[in-house]
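Please work from the sequences and hints to get the whole structure.
Going by my numbering, the first residue of the sequence shown is number 1, and it counts up by one from there.
If you're looking for bench data, these hints aren't it; they were derived computationally from the structure.
All values derive from a computational prediction rather than experimental measurement.
Mixed in with the good hints, there may be bad ones.
Cut-off 20 angstroms, straight-line C-alpha distance, at most; resulting in silico cross-link-like pairs (EDC-like, lysine to aspartate or glutamate) [to be verified]:
1) K101 with E118
2) K70 with E80
3) K101 with E80
4) K70 with E118
With beta-carbon atoms standing in for the labels, derived distance ranges [what the hints assert, rightly or not]:
5) Y97 with T67: 28 to 36 angstroms
6) G110 with K70: 17 to 25 angstroms
7) V73 with H102: 26 to 34 angstroms
Glycine included, every Cβ here is placed at the ideal spot set by N, Cα and C.
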Amino acid sequence: MLNATGIWDNPNFTHSNQFLGCMQCHGSIVKVESTDAKVPDLSGWSNVGVGRMNPDGSLGSCSSCHTRHKFSVAEARDPESCGQCHLGPDHPQIEIYLESKHGNIYSAEGSEWNWDAEP
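Here it is in structure tokens:
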């Protein structure tokens, strides 16, 4: 088993850049049951996802979608807010969305939508 406090000294973990990239969003507890594991056991990873439960029982962070300065419904609803995290080869959701029919409608009509409307 491996945890974040001993990661720097463990010779079996050679992809520290990947660890740091994941750790920024997913927390600091990483369990690897064996050195040949393809995917770490993610059950102990805390996260900032919307509505997800963290290992300590707390829920995901509101600031995933709402900035701390505005806490705006409009800001959280805008697909470009999601694209702050969900982009690139490892998380291509924004690219997939923008190329979809819904993304095309957003691109064509989104500037006219009432992003502050009650859900």
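Here's how the hints hold up against the structure:
For the proposed pair K101 and E118, the alpha carbon gap of about 24 angstroms is over 20 angstroms, so the pair is violated. The straight-line distance between the Cα atoms of K70 and E80 is roughly 16 angstroms, inside the 20 angstroms bound, and the hint therefore holds. Using a Cα cut-off of 20 angstroms, the hinted pair K101 and E80 holds, with the two alpha carbons roughly 16 angstroms apart. About 17 angstroms separates the Cα atoms of K70 and E118, which keeps this hinted pair within 20 angstroms; it holds.
In this structure the supplied range 28 to 36 angstroms is violated for Y97 paired with T67, their Cβ-Cβ distance being about 21 angstroms. The beta-carbon spacing between G110 and K70, approximately 18 angstroms, falls within the hinted interval of 17 to 25 angstroms. Range check, V73 to H102: Cβ separation about 19 angstroms, and the 26 to 34 angstroms hint is violated.
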